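S.K.: Residue numbers (my numbering), protein chains in the order written: chain A, 1 to 318; chain B, 1 to 345; chain C, 1 to 303.
Rather than coming from a laboratory, the hints here were simulated on the basis of the structure. Treat the hints with caution; some may be incorrect.
Examples of chain C residues lying across from chain B (beta carbon under 10 Å, computed) [unchecked claim]:
no. : residue
1   : A39
2   : G123
3   : R175
4   : A179
5   : K194
6   : A198
7   : H207
8   : N211
9   : E290
Subject to a maximum C-alpha distance of 30 Å in a straight line, what follows is the list of computed DSBU-like cross-link-like pairs (lysine-lysine) [what the hints assert, rightly or not]:
no. : chain 1 : residue 1 : chain 2 : residue 2
10  : C       : K185      : B       : K92
11  : B       : K92       : B       : K143
12  : C       : K256      : B       : K127
13  : B       : K92       : C       : K256
14  : C       : K194      : B       : K178
15  : A       : K193      : B       : K266
16  : B       : K89       : C       : K185
17  : B       : K127      : C       : K185
18  : C       : K256      : B       : K67
19  : B       : K143      : C       : K194
20  : B       : K89       : C       : K194
21  : A       : K85       : A       : K17
22  : C       : K185      : B       : K178
23  : A       : K133      : B       : K300
24  : A       : K133      : A       : K85
25  : B       : K90       : C       : K194
26  : B       : K44       : B       : K90
27  : B       : K67       : B       : K44
28  : B       : K178      : B       : K311
29  : B       : K143      : B       : K67
30  : B       : K44       : C       : K194
31  : C       : K194      : B       : K6
32  : C       : K185      : B       : K90
These numbers were taken from a predicted model, which means no experiment stands behind them. We put the beta carbon where it would ideally sit given N, CA and C, even for glycine.
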Amino acid sequence: MALLEVENLSIGYRTKKGLLQAVEGVSFSLEAGQSLGLVGESGCGKTTIGMALMGLLPPNGMVNEGRILFEGRDLVKASEEDMRKIRWERIAMIFQAAMNALNPVQRVDDQIAEAILTHRPHLSRQEAVEQIKGLFQLVGIPGDRMRDYPHQYSGGMKQRAIIAMALACRPRLIIADEPTTALDVIVQDQILKETRNLQEEFNISLIFISHDIAIVAEVCHDIGIMYAGQLVEYGPRQEVFDFPMHPYTRALLASYPTLTGEKSRLTPIGGETPNLIHPPPGCRFCDRCPEGRSSCKLGFPSWVEISPRHRALCYHCR
Amino acid sequence: MEERKKPILELENVSKTYRRKLSFFGKAEKDLVALDRISLQILKGEIFGLVGESGSGKTTAGRLIVKLEEAEEGRIQLEDVEITHLEGKKLKEFRRRVQMIFQDPYQSLNPQISIYDAVCEPLIIHKVGDSLSRREMVEGAMKSAGLTPPGDFFYRYPHQLSGGQRQRAAIARAMVLKPEFVVADEPTSMLDASISAQIFNILLEMRDRLDVTLLFITHSLAAARYLCDRIGVIYRGNLMEVGPADQVIRNPRHPYTQALIDALPKFGHCGEEKRYDTLLRVDGDAPESAGCCPFYPRCKVSHRIRCSREKPTLRQLAPSHWVACFYVKAEGEFLPESDQCFYGT
Amino acid sequence: MARRLSERFRSVGFLQEGWAIFRESLLGRIGLTLLILFALMAVSSFIPPRIDPMYHPMTGVDPEISSSVGPTLRHWLGTDFMGRDILSQLLAGARVAFMVGVSAAFMSIFLGTAIGMLAGYAGRAMDTLLMRLADMIMVMPTLLVVLILSSLFGQLNIWTIVLIIALFRWPGVSRVIRAQTLSLKQRPFIEAAKVAGASHLRIIFRHIMPNVLPLAFLYMTFRVTSAIIIEAALAFLGFGDPGTVSWGMMLQWVWKTGHMFRAPYWLLPPGICISLITLSFYMLGRAMDEVLDPRLRREGEAE
Numbered sequence: 001m002a003l004l005e006v007e008n009l010s011i012g013y014r015t016k017k018g019l020l021q022a023v024e025g026v027s028f029s030l031e032a033g034q035s036l037g038l039v040g041e042s043g044c045g046k047t048t049i050g051m052a053l054m055g056l057l058p059p060n061g062m063v064n065e066g067r068i069l070f071e072g073r074d075l076v077k078a079s080e081e082d083m084r085k086i087r088w089e090r091i092a093m094i095f096q097a098a099m100n101a102l103n104p105v106q107r108v109d110d111q112i113a114e115a116i117l118t119h120r121p122h123l124s125r126q127e128a129v130e131q132i133k134g135l136f137q138l139v140g141i142p143g144d145r146m147r148d149y150p151h152q153y154s155g156g157m158k159q160r161a162i163i164a165m166a167l168a169c170r171p172r173l174i175i176a177d178e179p180t181t182a183l184d185v186i187v188q189d190q191i192l193k194e195t196r197n198l199q200e201e202f203n204i205s206l207i208f209i210s211h212d213i214a215i216v217a218e219v220c221h222d223i224g225i226m227y228a229g230q231l232v233e234y235g236p237r238q239e240v241f242d243f244p245m246h247p248y249t250r251a252l253l254a255s256y257p258t259l260t261g262e263k264s265r266l267t268p269i270g271g272e273t274p275n276l277i278h279p280p281p282g283c284r285f286c287d288r289c290p291e292g293r294s295s296c297k298l299g300f301p302s303w304v305e306i307s308p309r310h311r312a313l314c315y316h317c318r
Numbered sequence: 001m002e003e004r005k006k007p008i009l010e011l012e013n014v015s016k017t018y019r020r021k022l023s024f025f026g027k028a029e030k031d032l033v034a035l036d037r038i039s040l041q042i043l044k045g046e047i048f049g050l051v052g053e054s055g056s057g058k059t060t061a062g063r064l065i066v067k068l069e070e071a072e073e074g075r076i077q078l079e080d081v082e083i084t085h086l087e088g089k090k091l092k093e094f095r096r097r098v099q100m101i102f103q104d105p106y107q108s109l110n111p112q113i114s115i116y117d118a119v120c121e122p123l124i125i126h127k128v129g130d131s132l133s134r135r136e137m138v139e140g141a142m143k144s145a146g147l148t149p150p151g152d153f154f155y156r157y158p159h160q161l162s163g164g165q166r167q168r169a170a171i172a173r174a175m176v177l178k179p180e181f182v183v184a185d186e187p188t189s190m191l192d193a194s195i196s197a198q199i200f201n202i203l204l205e206m207r208d209r210l211d212v213t214l215l216f217i218t219h220s221l222a223a224a225r226y227l228c229d230r231i232g233v234i235y236r237g238n239l240m241e242v243g244p245a246d247q248v249i250r251n252p253r254h255p256y257t258q259a260l261i262d263a264l265p266k267f268g269h270c271g272e273e274k275r276y277d278t279l280l281r282v283d284g285d286a287p288e289s290a291g292c293c294p295f296y297p298r299c300k301v302s303h304r305i306r307c308s309r310e311k312p313t314l315r316q317l318a319p320s321h322w323v324a325c326f327y328v329k330a331e332g333e334f335l336p337e338s339d340q341c342f343y344g345t
Numbered sequence: 001m002a003r004r005l006s007e008r009f010r011s012v013g014f015l016q017e018g019w020a021i022f023r024e025s026l027l028g029r030i031g032l033t034l035l036i037l038f039a040l041m042a043v044s045s046f047i048p049p050r051i052d053p054m055y056h057p058m059t060g061v062d063p064e065i066s067s068s069v070g071p072t073l074r075h076w077l078g079t080d081f082m083g084r085d086i087l088s089q090l091l092a093g094a095r096v097a098f099m100v101g102v103s104a105a106f107m108s109i110f111l112g113t114a115i116g117m118l119a120g121y122a123g124r125a126m127d128t129l130l131m132r133l134a135d136m137i138m139v140m141p142t143l144l145v146v147l148i149l150s151s152l153f154g155q156l157n158i159w160t161i162v163l164i165i166a167l168f169r170w171p172g173v174s175r176v177i178r179a180q181t182l183s184l185k186q187r188p189f190i191e192a193a194k195v196a197g198a199s200h201l202r203i204i205f206r207h208i209m210p211n212v213l214p215l216a217f218l219y220m221t222f223r224v225t226s227a228i229i230i231e232a233a234l235a236f237l238g239f240g241d242p243g244t245v246s247w248g249m250m251l252q253w254v255w256k257t258g259h260m261f262r263a264p265y266w267l268l269p270p271g272i273c274i275s276l277i278t279l280s281f282y283m284l285g286r287a288m289d290e291v292l293d294p295r296l297r298r299e300g301e302a303e
């Protein structure tokens, strides 16, 4: 049984202008020790999925359809009490702008110790500190920096501290939402590699959410491409890159400048993302799709299997 | 060929230090040297990419050029006019010739001013044209920036536009006076990839049609490769390598450039082996370096004697390819200590 | 040209959106309703009363009545100790309240905004100088100073009182405007204006002021309440303008002539009016706050 199974998940936000359907009919599964990258541009719903998995949707957000099966248990139906037990112990999250998630007036080791002791009250303070030492060694922060305050850390070190905190209770699943966006290239590279190593060493599953498809490719086994709240392509990393099937995936890849290979003219994607309160009928990418046909607007596109693990949501990708 | 192009902008030994205020307890905080005697030449009509990480000084260089800040040392020259210190009327004349596109499209437009007024403002400030010709000029600028039809956008306000549209309005505003030189400070770092691609193409078209010189400041080598004719790699206020974009990326000579290239994600075609492997794994922050090569603390291929005592200057390796490193020969091998060859510029 | 103007107004989304948010706020609706009522009162004070076209609330003494009398058909709220109609006095008081409140508030906002913007934008020496001046004025108790002044110079004219209130009330506004200016100064669109060649004056009037004015107007509503109360207090203590009928003045008369507990129809109306008008301005201010905040919040939103 897969560690995580998301079935037909739909999430909406109640706004003054109506119900904004941020996520629609998303399904995927994740085995233990595997990593999945959710890629999409702003507004595609990837962060919403991350928050829903942790049970951290804002008050006006709600799951209106589908199930989230984690270790066999439906998280959508779980109570706040249950979620609190699961959070951090079983599922941990590394937020966007996590560097601001550290309390500036508390020493770093105190903060992490607090997190550990909250979930493992039977541990003594000394044992918690020992654990933190080990974690810091894992993530590469020198032990003598443990007693510092967050502002004394560089950006990269803060991120590593956050990762250490996420690993503290040895969760089965980590959700990382744009963890390296604010970091420099070299530091980002180091952290991505370390994340991959940690993930493999401890057999932790990882959901890596990013707008940058290249970063996701560094870390994840599988990739899911999201557009306007829907999952439009899904498959193993190499296959999605070498054989992108959905027009959006292709367009997305074509809009990234590359370092190697031929220097061809970048083709941006014209138009704007669709309104999610009143989504257009049929395929949501149709208006901007270079291969769009009028038939795409009638009826909902269905999944096309390109290979056993690679699928795309488009009529035309055979 | 660069021989035909003349330099339009020159920086010579320009320095800028941000002085930290004394902290409450009297302990003097260290000054931050943003630019350390940096020299640079930008040729007319080219797109020059200044590539660096945060804290490298690239943004400061841009701000000095548009005179949002003043250099403390050194000389800045725009064609034949020295612009290091300008005031009054001369400063205003200068402002017609040099413009800037800012990083954050959500903050670089005044929220209370309509798009038309924002783009028209430089014309009003410099008393160009009358109300009829101004409208034409604004339309023209907005069309080149991809805001079509312009009339649709005239009376809208920034918060009614998407990020990409706002940035295009900012570009229109920068271009309406037909400046000779434009500094683009990370114009796409806050935009999605597909929108960034639009902006890149707009900048390319602008350069081709309007013959404007562009300084493109970025942290992305890949974007610089796509957009720029020449690239300068800057690290801690010093230029490490300057050369044609393709050359610098395909054949980088400075260990820092090589480390940057190693660090970039390569779209799923990554192997574990680094191509150049020039970076020392330094736990914690890289220590400060003064009086030595700025990259020395993190450099795997440096030799302690020289690199820790002297700061290398930019030396010419090949026509139009300069590197600031002691141990690079034209063939690409690192020179051992015993062989001390000096290369003339 | 006309077409362009009309297009402009159509797209001034702020006012439309702002009005929509304002309308939804309960406080705003109550406040606005009350204010309209008071405004009507003030306006109707110009209409000569039925009693006698030559009636004046100060001097118009009902020849038939010579002492305080309760509400009758002729005098809806009764008369005061001299036989003057209380309702007319109340209406006239409304007029004075608006006059004093709005003028004093307007003047203090005008001063405070100008000084705040100047201090914030110029910085350094000018900033220090102006803010120290503001500090000095802020610590002085307004009421006390006015009392001292009037004891020195005798009874003060109503406009002098307005001026003094304005002169003592600008520091509070200027601090807030200065803070706003300081934060605006760093924003990229100000730098963009500098790079485009804008002069300091242009930046202040074209870029900083429009972003600062909404805050200024917000504070104006609060200033109005304090101005009205100060004027009422002065009048009550006997330092108001004797030639003007204001609610505070009415209260003074009630007290002075010993009718405090004997004539509730005389005591209550002005007191309630002062409280209500203050409350309604305050509610207006709070509702405006809601209008301003969501807009500010929305602007920072990423797509």
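S.K.: Under the constraints set out in the numbered hints, which ones does this structure not fulfil?
M.R.: 1, 2, 3, 4, 9, 12, 13, 18, 21, 28
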